[in-house]
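Undergrad: Listed below, chain by chain, are the residues.
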Amino acid sequence: DTAVSQTPKYLVTQMGNDKSIKCEQNLGHDTMYWYKQDSKKFLKIMFSYNNKELIINETVPNRFSPKSPDKAHLNLHINSLELGDSAVYFCASSQDRHFSEKLFFGSGTQLSVL
Amino acid sequence: KNQVEQSPQSLIILEGKNCTLQCNYTVSPFSNLRWYKQDTGRGPVSLTIMTFSENTKSNGRYTATLDADTKQSSLHITASQLSDSASYICVVKCDKVIFGPGTSLSVIP
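Chain order of the listed sequences is A and B.
The numbering of the first sequence is the working numbering, which starts it at 34 and goes up by one.
The numbering of the second sequence is the working numbering, which starts it at 22 and goes up by one.
Bound conformation, chain B alone:
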């Protein structure tokens, strides 16, 4: 069964701290994996895309990794800011697009 799981479900961190969000998937055949950021009251916005051959990709303070063997991806946020408070959604493409449930991140001062 094609499935995408994310952990933790929610996370609270202090401003300036780092954090890592996890995405595990069981989809076949794997095509690509995207991380989206969804601010409250807004639609999701793509942060990065990972393909089979890519291990690491950075977008500013966001760094995504992909381990195709273990079928895991992580999103690392460095030096968090209040504006990082949002839901982060992992989306995996096989023959269809599978959305994860998201991780709700709250950055507090």
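Bound-form chain A, shown alone:
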């Protein structure tokens, strides 16, 4: 069983389009995250939700909107995609919000904006 699963694995789209990435975790964790990994492999946190409540919202363009229908799901919707949005996006989860627990990552979604 995959603990943290995200879809799609690859996403190729044109500039200006709107796209969504879905994430689900079956670990029973309370906290979920979205990270962006750029071409230099730096991982940067974008958002964090704890029990469907937004707790971290880093400096991210408001074209990015997370949605958490329940604590097992955290989806990422991106409007008006730009070339600079091309990156690998990782969903992750942890038992609690305090980062004491280890992060469990999905396999990533490679987004290419043409």
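By construction, these hints were calculated from the structure, which means they are not laboratory data.
Here the structure is a predicted model, which is why all the values come from computation and not from measurement.
Heads up, some of the hints might be wrong.
Each computed DMTMM-like pair below joins lysine to aspartate or glutamate, with the alpha-carbon atoms no more than 20 Å apart [unchecked claim]:
hint: 1; chain 1: B; residue 1: K92; chain 2: B; residue 2: E26
hint: 2; chain 1: A; residue 1: K42; chain 2: A; residue 2: D118
hint: 3; chain 1: B; residue 1: K117; chain 2: A; residue 2: D129
hint: 4; chain 1: A; residue 1: K52; chain 2: A; residue 2: D71
hint: 5; chain 1: A; residue 1: K135; chain 2: A; residue 2: D51
hint: 6; chain 1: A; residue 1: K135; chain 2: B; residue 2: E75
hint: 7; chain 1: A; residue 1: K52; chain 2: A; residue 2: D118
hint: 8; chain 1: B; residue 1: K114; chain 2: A; residue 2: E57
hint: 9; chain 1: A; residue 1: K77; chain 2: B; residue 2: D116
hint: 10; chain 1: A; residue 1: K85; chain 2: A; residue 2: D63
hint: 11; chain 1: A; residue 1: K69; chain 2: A; residue 2: E115
hint: 12; chain 1: B; residue 1: K117; chain 2: A; residue 2: D63
hint: 13; chain 1: A; residue 1: K73; chain 2: B; residue 2: D60
hint: 14; chain 1: A; residue 1: K74; chain 2: B; residue 2: D105
hint: 15; chain 1: A; residue 1: K69; chain 2: B; residue 2: E26
Following the hints, position chain B against chain A.
TA: Relative to the frame of chain A, chain B by itself:
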């Protein structure tokens, strides 16, 4: 400024050899430090966690050390295998989580 640096940026070693990866951090207040392994095309996976009171911790062929005084951690890999080829990321927790840039390790036959 809270910062995590790793060296070397990349490393190539022969299968069976040992290697050591370094992590230097300037964060305050320090809470814990984790090493993650990221295989190509996959998400990072936690290898070990080091807290303030721990100097050394092993996980199979991986041994992590922590010197809280000098704010340095190392990850030693013994008898490397081809499957050790990956990026190794040092992550330090203070009041937030700071990711290092990673070290890319290639183990060649």
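Undergrad: With reference to the structure, classify each hint as holding or not holding.
TA: The hints, checked one at a time:
1. B:K92 to B:E26: Within the cut-off at roughly 11 Å; holds.
2. A:K42 to A:D118: 16 Å, holds
3. B:K117 to A:D129: At roughly 14 Å apart (the allowed maximum being 20 Å), D129 of chain A and K117 of chain B satisfy the hint.
4. A:K52 to A:D71: 18 Å, holds
5. A:K135 to A:D51: 32 Å, violated
6. A:K135 to B:E75: 17 Å, holds
7. A:K52 to A:D118: It holds: about 11 Å lies between the C-alpha atoms, which stays within 20 Å.
8. B:K114 to A:E57: Violated, at about 25 Å.
9. A:K77 to B:D116: Judged against 20 Å, a Cα distance of about 15 Å means the pair holds.
10. A:K85 to A:D63: 8 Å, holds
11. A:K69 to A:E115: 15 Å, holds
12. B:K117 to A:D63: Since the Cα atoms of K117 of chain B and D63 of chain A sit roughly 18 Å apart, the hinted pair holds (cutoff 20 Å).
13. A:K73 to B:D60: 15 Å, holds
14. A:K74 to B:D105: Status holds; Cα separation ~18 Å.
15. A:K69 to B:E26: Holds, because 19 Å separates the two Cα atoms, which is no more than 20 Å.
When the structure is compared with the earlier hints, violations turn up for hints 5 and 8 and for no others.
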